[in-house]
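Asker: Listed here are the chains, written in short residue letters.
Number of protein chains: 2
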Amino acid sequence: MSELKNDRFLRALMRQPVDRTPIWMMRQAGRYLPEYRASRSQAGDFMSLCKNADLACEVTIQPLDRFPLDAAILFSDILTIPDALGLGLYFETGEGPRFKKTIRTEQDVANLGIVNTETDLDYVLKAVSTIRHELNGRVPLIGFSGSPWTLATYMVEGGSSKDFRHAKAMLYGQPDVMHELLHKLALSVTDYLNKQILAGAQAVQIFDTWGGALAHNAYLEFSLKYMKQIVDGLIRDHDGRRVPVILFTKGAGQWLEAMADTGADALGLDWTTDIADARRRIGDKVALQGNMDPSVLYASPANIRAEVKRILDGYGQGTGHIFNLGHGIHQFADPAHAKAFVEAVVELSPEYHR
Amino acid sequence: MSELKNDRFLRALMRQPVDRTPIWMMRQAGRYLPEYRASRSQAGDFMSLCKNADLACEVTIQPLDRFPLDAAILFSDILTIPDALGLGLYFETGEGPRFKKTIRTEQDVANLGIVNTETDLDYVLKAVSTIRHELNGRVPLIGFSGSPWTLATYMVEGGSSKDFRHAKAMLYGQPDVMHELLHKLALSVTDYLNKQILAGAQAVQIFDTWGGALAHNAYLEFSLKYMKQIVDGLIRDHDGRRVPVILFTKGAGQWLEAMADTGADALGLDWTTDIADARRRIGDKVALQGNMDPSVLYASPANIRAEVKRILDGYGQGTGHIFNLGHGIHQFADPAHAKAFVEAVVELSPEYHR
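Taken in sequence, the protein lines are chains A and B.
Start counting the first sequence at 1; every next residue gets the next number (the working numbering).
Start counting the second sequence at 1; every next residue gets the next number (the working numbering).
Watch out, some of these pointers could steer you wrong.
Calculated pairs, PhoX-like style, for lysine-lysine (alpha carbon to alpha carbon, straight line, at most 20 Å) [as the list claims (entries may be wrong)]:
| id | chain 1 | residue 1 | chain 2 | residue 2 |
| --- | --- | --- | --- | --- |
| 1 | A | K162 | B | K162 |
| 2 | B | K250 | A | K162 |
| 3 | B | K225 | A | K250 |
| 4 | A | K250 | B | K162 |
| 5 | A | K184 | A | K195 |
| 6 | A | K309 | A | K339 |
| 7 | B | K309 | B | K285 |
So these bits of chain A aren't anywhere near chain B, every CB distance computed over 12 Å [unchecked claim]:
| id | residue |
| --- | --- |
| 8 | S2 |
| 9 | P17 |
| 10 | Q42 |
| 11 | G44 |
| 12 | T93 |
| 13 | L187 |
| 14 | R241 |
| 15 | K285 |
Which bits of chain B does chain A cover? Going by a derived footprint, with three or more residues having C-beta under 8 Å, they are [unchecked claim]:
| id | stretch |
| --- | --- |
| 16 | 159–172 |
| 17 | 216–229 |
| 18 | 249–258 |
| 19 | 261–275 |
No lab work stands behind these hints, which were simulated from the structure alone.
Built from N, CA and C at the ideal position, the CB exists for glycine as well.
Please work from the sequences and hints to get the whole structure.
Answerer: This is the structure in structure tokens:
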């Protein structure tokens, strides 16, 4: 593998000194970019784009050619594991992800296997190695997976949900069945992330999109516990370098202390958390990634720059901050505003690293 | 007005001693009850039910006849004010509320008036006085309104939203326009709640359903500030008794200290907050209302009872706790499970008030 030319992102994750605050954007390869839309229509549907290593590589690198970003993230979907387990993922226009099969009963859970990453998710591993090769050391590559709880919500509901009626009915009504499902998913996610690391991912992020929908104690028992199991099972050094792990639970601002105790290197923050407060609470244990509201990109470049400064001031002096949005960039964001955002971080952040 | 026979709810809101923890349920008059569905089909559509004082009274009292609840809440909608301001509220099946007109520009905001409660919301005041009379002192009656920010999101978006694209574009792109809109709404809400109090409401709750979608600093500036203005403007004593105010922002667990500083008597907690932690943080300033996940009602009565005990243990000994769900009861909840929930609170809570 070629030498890494920009390791600012990996260094900040380890809370080592950097020259400026590194930045990447969740969903940085996405519909807001016209070149992405062109690649996607070439591929056909969304999953065909994920399954074509060359096109997945192409869209992964597109935002790096536009903006001075410090990391690339594998282009894929959080629902590849349930798809590989035979649930039949598909997308209906404007409806979000759907599964042909659902997991609702004890028998459904008993019948569920552990994913065979090499055979059933080989397209992901091929995309990782293709992207890593194509990046040629330009920036580090981030691998990722959905969290067990987040995957379980889609598998039980059969798609997106507003209130997680069926998943919560299982959690509160048949907690042992839900635990068995989460246990199996944690084993699958651990294997999946380790194989991504072996294929070339230099950091990994666990996306717990729906952990914040849980009660405090249910979050600890049904989401965080399984993410900790995954963190414990990951390859943490590869190719002579530490492979940092980032946990991101949307809506978890009240639970940061517990998250920081998992052994993760960094926590992703959504925009509802005051980053100054988060640093006071857990900044001696983990790095912090975030946390501008993606909707700030609807404002003028001047207003965007002011918001970037506010967040940099909030975190304050020193390393341990990776700038990001608090969630994925919106499809209606103007690429020129995304550029203004990234450039503001590049231009304003050096003074916080004197 | 007849004498109040059960003032447990009002006493707990003032943190005065009670014999047991009072309980009511958000959306306790609703679709999960067959008798509600019968009244609604008699009325025709949802707004016709709200606008018919006798039927609104009937559905308000229905849950009291089933369960030993300690408060009634006015049956109405949070969007009556924008409707009265001429936006044309309507409901499409399965789609949630919609407005015929939206508020998107500076001129739209400039053209917007302050609500004339007596003329344009007379049906609400008539419902309040009818219900109060019909309750005949059985339990106190709660009045309510949506918060300015929550009303603004619906008015700007034209209905429900997942990401509040237009409302946040206004907030970040034209903050002065958003402030003017919120200012006008705060004046309307203040008048609306005061008129409800004069008509017979014995406590009021401000529902800030969407405050939790804001960044920390944006919440303080665009939601909480206007709720504080409302609290400052409310009639706090009427008919020889204190009229307590409850603030409920869904997703505000990180911001409870700021909320407790508004002068509200109580804060509603959603289920993501650990009530023990909330009491440690602000229990010396305000009463706490909540906070069981409504989805617990999908579990068995035994599991529901265990969850009630867990929350009672969390709050601990003494007054200042009003039991409730962390959000409205789901339409698919089984009334028998709602009964098991209410009865568990009635049976288990006396030992916390020795």
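Asker: Look at each hint and say if it fits the structure.
Answerer: Hints and how they fare:
1. For a cut-off of 20 Å, the pair hint linking A/K162 to B/K162 stands: about 10 Å separates their Cα positions.
2. Our distance criterion of 20 Å between C-alpha atoms is met by B/K250 and A/K162, whose separation comes to about 14 Å.
3. Under the criterion of a C-alpha separation no larger than 20 Å, the hint pairing B/K225 with A/K250 is inconsistent with the structure, at around 25 Å.
4. Restraint check for A/K250 and B/K162: the C-alpha separation of about 14 Å stays at or below 20 Å, so the hint holds.
5. For the hint pairing A/K184 with A/K195, the CA-to-CA distance comes to about 17 Å; that is within 20 Å, so the pair holds.
6. For the proposed pair A/K309 and A/K339, the alpha carbon gap of about 15 Å is at most 20 Å, so the pair holds.
7. With a C-alpha separation of about 24 Å, the suggested pairing of B/K309 with B/K285 is violated against the 20 Å cut-off.
8. Listed as outside the interface, A/S2 is consistent with that label: its C-beta sits roughly 39 Å from the nearest C-beta of chain B, beyond the 12 Å cut-off.
9. At the 12 Å boundary, the C-beta of A/P17 stays outside the reach of chain B, the nearest C-beta of that chain being 28 Å off.
10. No beta-carbon of chain B comes within 12 Å of the beta-carbon of A/Q42; the shortest separation is about 28 Å.
11. For A/G44, the shortest C-beta to C-beta distance to chain B comes to about 26 Å, beyond the 12 Å cut-off, and the non-interface label holds.
12. Even its closest Cβ contact with chain B, about 16 Å, leaves A/T93 beyond 12 Å, as expected for a residue assigned away from the interface.
13. Here A/L187 stays apart from chain B, with its beta-carbon at least about 26 Å from theirs, past the 12 Å limit.
14. Taking the minimum C-beta to C-beta distance to chain B, about 34 Å, the non-interface status of A/R241 holds against the 12 Å cut.
15. The claim that A/K285 lies off the interface holds: its Cβ sits roughly 19 Å from the closest Cβ of chain B, which is beyond the 12 Å cut-off.
16. For the stretch 159–172 of chain B, the assignment as covered by chain A holds, since 7 residues bring a beta-carbon within under 8 Å of that chain's beta-carbons and 3 suffice.
17. Counting residues of the stretch 216–229 of chain B whose CB lies closer than 8 Å to any CB of chain A gives 4, so the stated coverage by that chain holds, three being the minimum.
18. Counting residues of the stretch 249–258 of chain B whose C-beta sits closer than 8 Å to any C-beta of chain A gives 3, which meets the bar of three, so the coverage hint holds.
19. Three residues within the 8 Å Cβ limit are the bar, and the stretch 261–275 of chain B against chain A gives 4, so the coverage statement holds.
In this structure, the earlier hints numbered 3, 7 are contradicted, and the remaining ones agree with it.
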